[in-house]
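Student: Combine the two chains into a complex, taking the hints into account.
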Amino acid sequence: MIRKLLAAFAVLCAGAIVSAHAADRIDPAADLKAFQSYFKQQFPNVPFDDFVNGPYAVDKGMRAQWESIMQFPPYDFALDDGKKLFNTPFKNGKTYASCFPHKGVGIRQDYPYFDAKSGEVVTLELAINRCRAANGEAPLNYETGAMDSIVAYMAETSRGKRFDIKVPKDPRALAAYQDGKQYFYSRRGQLNFSCASCHVTAAGKRLRGDILAPALGILASFPIYRSDWGSMGTVPRRFTSCNSQVRAVALKPDDKAYRDLEYFLTYMGNGLPVAGPGTRP
Amino acid sequence: MKPIALAILVALVAATPALAASEQDFTTAYAAAEKVEQQALAMQAAWTTTEKTLKAAKKAADAKDYDHATPLAHQAEALAKQSIRQAEEQKTAWRQAVVH
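In order, the protein sequence lines correspond to chains V and E. The first sequence begins at 874 in my numbering and counts up by one. The second sequence begins at -6 in my numbering and counts up by one.
No lab work stands behind these hints, which were simulated from the structure alone. Take these hints with a grain of salt, some might be off.
Here's a subset of chain V near chain E, in silico, CB distances under 7 Å, partners left out [what the hints assert, rightly or not]: (1) A907; (2) F908; (3) Y911; (4) Q1055; (5) R1060; (6) G1062; (7) A1069; (8) R1120.
Computed from the model, here is a short list of chain V residues facing chain E with C-beta under 7 Å [said to hold, decoys possible]: (9) Y1058; (10) Q1063; (11) Q1118; (12) V1122.
For glycine and all other residues, C-beta sits at the position ideal for the given N, C-alpha and C.
For reference, chain E alone in the conformation it holds in the complex (with noise of 0.2 Å):
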């Protein structure tokens, strides 16, 4: 074996492991994405994508697959976030929109 190709394989057998999500990221991940679509709900300005992406995160974490869980969890908390922007952007934009 190449010197290059036996670097590229231990490269990828040491980061494996690394990159793996544990329980324990899905469940900050998903702690966090919670928090934030909690205050999207209060602020009347919840989209269903997050709360599909939550669910569909949770599904995954039930089935102990992690690494899919995770990574839709970040992706909740995104989304609620812009959901939030969304509604504090529309308390002075809907004006512009008013017939006059």
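Bound-form chain V, shown alone (with noise of 0.2 Å):
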């Protein structure tokens, strides 16, 4: 009897060493493959590329009322405010296309990515504000407002290309991507929540009156027009807010956690298709 509880014992043991090293590992090919394995048991009549749509796509109810918003969807005016301010020149002339590869035309699907140059992630928010200091502009806002605008026509411009976010082999990257990923499964604020706990463990459930969306493509419809907000947001944007309703303190929205943070969340649905911008309860 003691032989088989020890044995079991044993065995126990090395399933939790095992484990511990699965997450230890950096493989993000590997946490890919788990990570939309996961989501494509829990929702099994959900088509792949539907899991752009969030909570839309696991919710009929909810799914009719966003076929009727989208009869008028609430981005157009950032869409036409975005293409408009894109193609303004700064004072030197110059406009944002100078800044990025294809004219910043039909790339959303690259971004984030990390900068071998400057060893950090770069979002596409971020790459904004830098081609604005390039040209000699002040800095936007990173959450709401004309960055909104200019996001959301940039990926307007994107739609349908699927998502392939690099992970390269730079210890550098890899640090990021899994500091990223530490962060998405961390428990914060006085609340105790991480972002797993919702839109994993719980996605497709009922928290008060909204449907948590599958962390699975739930970047890939941003900017977002918020209903709960009233307006646009980037990602930044939704991750503070996240902070927030968990009691804990929101970070700089530009800060590195947070952009480490859409990297690897970003790259976890690598091969949906951009949906942005989109819209949300």
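Tutor: This is the structure we're talking about:
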């Protein structure tokens, strides 16, 4: 009997060690496979591409409301504004197109990316502000306003292109990816929630009046017009908002931790089509 | 007046000045709370609840209500310590939640 108990204990310990090593190992491709498989199993009736639609992919009632809303998409004003802003020359005569590959058209699926030169993750919002700085312009607010409009326009020109985030075999890129992964799974705030608490464990379930969106594809529709905000918002705005909701002090919207989180989470959605701008409740 | 009632009255009167918090009590408690909260902020582990409690303590102190302000400062320190403990635990605990 004791031998059997000892053997069972040894098996449990070995399992725990294997599990801990699996979490420690930095293997983005393996993570992606496991992550996407998890959601496909959780939601077998949701077509893969439909995960970009968040709660509307998993709840019929919400989908019906959304389809009704989309007859007059609330982000249309931002799109028009964004196109104008994107093409308006800076004081030096250049435009945003001068800062981006393919003149900034159809490139959303490649952001965020790891910049080997600076050794950090660059989000589209950061790239836009860097473009402005390089052309002698003041930075834009990362979370809302003109930034939303410009990102909305750039996303719209990329619709349907599949996310293709790269994690190069650069130790700094792998560290950024792993930091983003750790942030995603770490509980924080007085309510003791992690991103995963809502968007992995409780994905598709109700939290008060909301249906929690699955983490797979959750960033594909950004920027979004959120009814709760009554305005557009970027990915950093959503992160600061989520932090506040769990009673954690939000970070600066361009904080490295948020950029790494976006890097990890967007990578997890590789293969999904760009669907921004979008709407959410 | 019965002796027991008199004793209670005397005890209450004697205890009242000792229970009242002074400005010094508040200043010490607030400084301690702020110190821990700064650590939590540096760790990106701070809670909004702590910040709100610190603000409420300061507001009460500004109104010279140290009896209210001092316990709030102690509460803020306790919250800040809990937030740091959470962050320390999560340095390893997050691994349990990873999708495999």
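Student: All hints are to be evaluated individually against the structure, with a verdict given for each.
Tutor: Verification of the supplied hints:
Look at V/A907: its Cβ gets to within about 5 Å of chain E, closer than 7 Å, so that hint holds up. A hinted interface residue such as V/F908 counts as satisfied when its beta carbon comes closer than 7 Å to some beta carbon of chain E; here the least separation is about 5 Å, so the hint holds. Because the closest C-beta pair between V/Y911 and chain E is about 5 Å apart, less than 7 Å, the hint holds. The beta carbon of V/Q1055 comes within 6 Å of a beta carbon in chain E, closer than 7 Å, and the hint placing it at the interface holds.
Look at V/R1060: its Cβ gets to within about 6 Å of chain E, closer than 7 Å, so that hint holds up. A least Cβ separation of about 6 Å between V/G1062 and chain E falls short of the 7 Å threshold, and the interface hint therefore holds. Taking 7 Å as the C-beta cut-off, the interface hint given for V/A1069 holds, the closest approach to chain E being about 5 Å. With 7 Å as the threshold, the beta carbon of V/R1120 comes within range of chain E, its nearest partner Cβ sitting at about 5 Å, so the hint holds.
At a threshold of 7 Å, the smallest CB-CB gap from V/Y1058 to chain E is about 4 Å, leaving the interface hint in force. This hint holds: V/Q1063 has a C-beta 5 Å from the nearest C-beta of chain E, less than the 7 Å allowed. Interface hint status for V/Q1118: violated, as the beta-carbon distance to the closest one in chain E is roughly 10 Å, over 7 Å. Contact between V/V1122 and chain E, as hinted, is supported at the beta carbon level, the nearest pair being about 4 Å apart and thus within 7 Å.
Hint 11 from the list above is the single one not met by this structure.
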